[in-house]
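**Q** What follows is each chain in one-letter form.
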Amino acid sequence: MSDHQAAHGAHQNSGGAVDHSHEAEHIAAHIGAYLKVGIGLLILTGVTVALSYVDFGSRANNIIVGMIVATFKASLVAAIFMHLKGEKMTIWKFLIFTCIFAAGLFFLTYLAHTDPVSGTSHSSHS
Amino acid sequence: MFSRIFKYLPFFSDAEVPYTVAARPDTGLYNAKLGIWLFLASEVMLFGGLFSAYIFLRIGAEPGYWPSGLLNVPVGTANTAVLIASSVTVVLAWAALKMRQLAKYKFYMAITILCGVFFLAVKLSYEWPAKFNHFGVFVRQSAASKYDEFLGNKHLSETGQAPRWEISGHLLDAPKGSPYADQAHHNAEHFAHETHRHDAVTEADDDYVIQLDPVNADPDSKENDRPHFLPRPLSSKLAVIKAADVESASTFAPRHSTYFATYFLITGLHGLHVLGGILVFLYLWLPIKGGTKLYQSNPEHLANRVEIAGLFWHFVDLVWIFVFPIFYLL
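Same order as they appear, the protein sequences are chains A and B. In terms of numbering that gives the first Met the number 0, the first sequence has 46 at position 47, counting the first letter as 1, and numbering is strictly consecutive. In terms of numbering that gives the first Met the number 0, the second sequence has 314 at position 315, counting the first letter as 1, and numbering is strictly consecutive.
Treat the hints as calculated values from the structure; they're not laboratory data.
Here are the simulated SDA-like cross-link-like pairs (lysine to any residue), alpha carbons at most 20 angstroms apart as the crow flies:
1. B:K103 to A:H25
2. B:K105 to B:L293
3. A:K35 to B:A80
4. A:K87 to B:L28
5. A:K35 to B:A84
6. B:K221 to A:F55
Estimated spans, in silico, between C-beta atoms of each pair:
7. A:I95 to B:E157: 45 to 53 angstroms
8. A:A102 to B:L271: 23 to 31 angstroms
9. A:L110 to B:A260: 21 to 29 angstroms
10. B:P17 to A:G118: 51 to 59 angstroms
11. A:S57 to B:A191: 42 to 50 angstroms
12. A:A102 to B:E222: 36 to 44 angstroms
Sample of chain B residues with no beta-carbon within 10 angstroms of chain A, all distances over it, derived:
13. I110
14. G176
15. P213
16. L237
17. A242
18. P253
Note that the Cβ used here is the ideal one computed from N, Cα and C, for glycine as well.
Input sequences plus hints: build the corresponding full structure.
**A** Next up, the structure:
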């Protein structure tokens with residue numbers, strides 16, 4: 000979609016009349032995909048709920064399975080609904096950096112857990 | 000400097016903001032697209048911080064202090080479906096604008112707004128109040144053996160499960176001076192009315208009397224070792240807990256536990272995002288200058304606004320995709 004806009008970038012804020020019919024066709028072709036993804040997400044929601052009642056051996060395993068399904072659902076939303084599939088490189092670069100910083104944030108949590116400041120870890124239960 | 004900023008704010012000036020439709024040559028994007036993704040990147044860090052706090056607190060919780068199965072799964076599932084449906088309708092609303100179908104746009108946008116309102120209404124009028132009316136008492140570990148008929152720790156340790164320290168249900172009586180005395184009195188009257196039992200309010204000044212959740216009414220049952228999809232009604236069994244044996248007692252509010260503290264914080268912040276999305280959609284739906292009136296002069300500009308608001312909405316949906324399993328299911 001952005002490719003088309005870039006193509007008639009010379010007509011700044013013209014209302015997008017140029018080459019519009021072509022773009023409209025392009026979008027009409029995508030509507031089926033949006034509906035399919037929506038139905039897929041609803042089914043995956045059911046799958047997430049159902050899998051949470053299956054015993055995968057431990058609570059930790061269930062959490063891993065649940066997070067895998069959730070990550071897949073989130074990817075579908077990002078790729079199709081948020082048009083990341085086929086999005087400009089500029090935005091992908093933003094997201095790559097965001098991922099790096101978010102990973103750093105979670106790494107801090109990991110450090111706090113594995114190497115706690117001495118004297119701060121105590122039980123409040125008696 | 001400020002006059003240069005005001006020049007571009009629509010409330011102060013009619014000057015045309017550049018690159019609202021056409022792509023900027025250097026970025027290849029219209030400006031708002033770049034802006035919303037920068038904003039969403041900051042949102043990832045905001046929710047990321049809270050999620051990492053959640054992980055930290057959960058991993059650090061001692062055995063038996065991270066509750067599960069306290070939320071209404073069918074209601075949560077239905078709300079998840081509503082949010083996904085609204086993500087579909089907002090993308091259809093955008094597609095309708097791109098195809099210059101104003102009536103369709105207004106229809107899909109109206110559905111999106113209604114879905115958002117429904118989601119919030121369920122949260123605020125049903126899910127949260129139901130928690131505030133529930134009560135839990137964490138028993139001191141040193142006194143837990145006295146209450147094993149409600150905790151079932153013998154059964155849990157024999158079957159290799161985490162211990163249970165909480166007795167929960169509806170509070171029917173609380174020690175004198177407890178902030179929950181009014182609520183307890185109200186529940187006790189209700190209980191007496193429903194069951195024709197008048198032993199709900201005890202004479203002692205320092206007891207918590209609780210009408211038990213099924214898990215505490217029969218803690219040794221295999222039934223209670225697994226989570227349940229459908230919420231089960233309270234039993235009519237009562238437990239009396241001495242105030243001296245209580246480590247902490249609270250309604251299912253943020254102060255109850257780190258579980259409910261993170262639950263209310265994250266779902267509350269998420270709810271604020273839903274509210275923000277609804278307000279923006281309403282603005283874009285109403286026949287005002289920035290809304291559907293814009294369609295007459297520059298339909299592509301309106302389509303881009305809807306795309307930007309939609310990107311935000313999808314992000315809010317995406318956050319919920321993680322919130323739902325970690326609090327409701329796992």
